[in-house]
Amino acid sequence: QVENALSKIEQPLSPETSKKAEALKKLEAATKPLRKSIIKHGLLHQNDKDIRLSVATCVSELFRILAPEPPFEDNYLRGVFELIISLFKELGNTGCPFFSKRVKILEIVARSKCFVIMLDIDCNDLVLQMFNNFFSVVRLCSEPHLSSLTNHMLSTMTHIINEETSLPLLEVVLWNLVKQEKDSPYAASQLAVSVIRNCAEKLEPFVCGFLTSCFLDRDAVEGDLKEFYHEIIFKIFQCSPQMLLAVIPNLIQELLVDQVDVRIKAVNLIGKICAQPDNCLADRYPELFVEFLKRFSDKSAEVRLNALRCAKACYLGGPFRKESREILAALESRLLDFDDRVRTEAVIVACDLARSHLKFVPEKLISEATERLRDKKISIRKKALLKLLEVYREYCKKCCEGQMTVCDHFEQIPCKILMLCYDKDYKEFRPQNIERILVEDLFPVLEVEESTRHWVHLFSLFTPLHLKALNCVLSQKKRFRSEMRYYLSVRKKEKGSCHDETHEQMKNSFVKMSASFPDPSKAEGCFQRLNEMKDNKIFNSLEELLDNMTIKNAEILR
Numbered sequence: 348q349v350e351n352a353l354s355k356i357e358q359p360l361s362p363e364t365s366k367k368a369e370a371l372k373k374l375e376a377a378t379k380p381l382r383k384s385i386i387k388h389g390l391l392h393q394n395d396k397d398i399r400l401s402v403a404t405c406v407s408e409l410f411r412i413l414a415p416e417p418p419f420e421d422n423y424l425r426g427v428f429e430l431i432i433s434l435f436k437e438l439g440n441t442g443c444p445f446f447s448k449r450v451k452i453l454e455i456v457a458r459s460k461c462f463v464i465m466l467d468i469d470c471n472d473l474v475l476q477m478f479n480n481f482f483s484v485v486r487l488c489s490e491p492h493l494s495s496l497t498n499h500m501l502s503t504m505t506h507i508i509n510e511e512t513s514l515p516l517l518e519v520v521l522w523n524l525v526k527q528e529k530d531s532p533y534a535a536s537q538l539a540v541s542v543i544r545n546c547a548e549k550l551e552p553f554v555c556g557f558l559t560s561c562f563l564d565r566d567a568v569e570g571d572l573k574e575f576y577h578e579i580i581f582k583i584f585q586c587s588p589q590m591l592l593a594v595i596p597n598l599i600q601e602l603l604v605d606q607v608d609v610r611i612k613a614v615n616l617i618g619k620i621c622a623q624p625d626n627c628l629a630d631r632y633p634e635l636f637v638e639f640l641k642r643f644s645d646k647s648a649e650v651r652l653n654a655l656r657c658a659k660a661c662y663l664g665g666p667f668r669k670e671s672r673e674i675l676a677a678l679e680s681r682l683l684d685f686d687d688r689v690r691t692e693a694v695i696v697a698c699d700l701a702r703s704h705l706k707f708v709p710e711k712l713i714s715e716a717t718e719r720l721r722d723k724k725i726s727i728r729k730k731a732l733l734k735l736l737e738v739y740r741e742y743c744k745k746c747c748e749g750q751m752t753v754c755d756h757f758e759q760i761p762c763k764i765l766m767l768c769y770d771k772d773y774k775e776f777r778p779q780n781i782e783r784i785l786v787e788d789l790f791p792v793l794e795v796e797e798s799t800r801h802w803v804h805l806f807s808l809f810t811p812l813h814l815k816a817l818n819c820v821l822s823q824k825k826r827f828r829s830e831m832r833y834y835l836s837v838r839k840k841e842k843g844s845c846h847d848e849t850h851e852q853m854k855n856s857f858v859k860m861s862a863s864f865p866d867p868s869k870a871e872g873c874f875q876r877l878n879e880m881k882d883n884k885i886f887n888s889l890e891e892l893l894d895n896m897t898i899k900n901a902e903i904l905r
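Position one of the sequence shown corresponds to residue 348 (our numbering), numbered consecutively onward.
None of these hints come from the bench; they were simulated from the model.
Predicted, not measured: the structure shown is a model, and the values here were computed from it.
Beta carbons are placed, not taken as given, at the ideal position from N, Cα and C, and that holds for glycine.
Wrong hints could be hidden among the right ones.
[Said to hold, decoys possible] Ranges between beta-carbon positions, derived for each pair:
no.: 1; residue 1: Leu821; residue 2: Lys723; range: 26 to 32 Å
no.: 2; residue 1: Met880; residue 2: Ala676; range: 55 to 61 Å
no.: 3; residue 1: Arg688; residue 2: Leu603; range: 21 to 27 Å
no.: 4; residue 1: Lys774; residue 2: Glu848; range: 28 to 34 Å
no.: 5; residue 1: Lys373; residue 2: Gln393; range: 26 to 32 Å
no.: 6; residue 1: Ser829; residue 2: Ala648; range: 46 to 52 Å
no.: 7; residue 1: Lys825; residue 2: Lys669; range: 50 to 56 Å
no.: 8; residue 1: Asp469; residue 2: Ala660; range: 44 to 50 Å
The task is simple: from the sequences and hints, build the whole structure.
The structure is reproduced here in structure tokens:
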């Protein structure tokens, strides 16, 4: 009954100060017995949950009615706030029948701004506890209730920080900003982001002081939060970049230090910042961006590798920005790096960028990446082959859709692949394997006319060496087909001839045909099992396949 009665009492709305003050005095007198009773009977410290909730509801209503004056004397206020804050721990239990009452208490105290009083009565520990409770609750709370809860929490936290900021409060916010644990979902981080945005002006000196200390003498900074200062910089850059104007230039020194791990962290941070849409890092901090580009040629291969991994995100974040061209130039230079890991990564990044922006990536970058098919390292040639095939298939797809026209620099990719036939040292590039690549991997699913269009154009780019390589591939194919015809004819004659003689002929034929496969020994075993098949339909189909002269019919028969 008391809760219901208090909820119906409105604050005086008279525009005249004297009348409002008089009305407040009457309300104060009317509620005095209730307030005295709460203190006298120790209701603030009851263990019964129902009683505690009812008392907290009444107290919150008293704060609302009598605002801006507190309803209790200072020496009792700590107990009042302890009671209310303890109830906030249970806001995460949205299925509780008393959940709506707890939310109502939060709403009332948020609107009355009564928690600011805690700063005046030296209850900073309770403020800290309340902040931690809020972040704990939003991690547990389900989506339907999350919006209203976070709005009230944000309002309370904003009022307190704008009234009085402290490093411990900032640390609570920053911890929740960067926490990425499995049980720490997006809501806690988003609440921290909202607090930073709302209180940027008040928090900036504390943020800059903390981060600058991490740059200059991290060992002297207390606590574990210092280990995440790069993550903090990135998160704040995303939500309130103006706070970091005095901090970002410190990254130049980290790019120049002797410790490789520090340079790598700085490179990764700058890379993530550059990848943000509409960032102005290169314009606002030109010296920092120049030093970042130099890390592509850093003396440490690990730093160069990390710089290359950043290049993709940086370019995709703004492919038409001026600095993106400089990043592509730095990437291109690493295609000739003396470290094979760096060259491999450069090929991967260059091809991924080409696939994502076929029309705009420079021709020279594609050409230089294609040259890695001739790299001295077989592993790089293999990786270049796989990635360039991805690029070419995407290009063919765009041409088929009418988004691109046939281009020489992309058609050079199959030309260069064909030249791998001249590499006699590795079985992966034997003519029979190149033939399989040209047939199965070169094109996406295209109509015959579309793939023929590409063949006609790339044929116009052939040199005598290309023709010789293609003839080598086709000759290998012709030999295989001839040997298959011979085997089928021998098999037909098997019943009417010497068994040992035909068996030896077929065995020799299997050896010859197996040479056309990546794993000849495995292929030979498969031919042996094929020969043991009793179903003549299989062999009739093989004969028909050999006799077919059109691609469409052959595909249907297969």
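Could you tell me which of the hints above the structure violates, numbers in ascending order? Every hint satisfied by this model.
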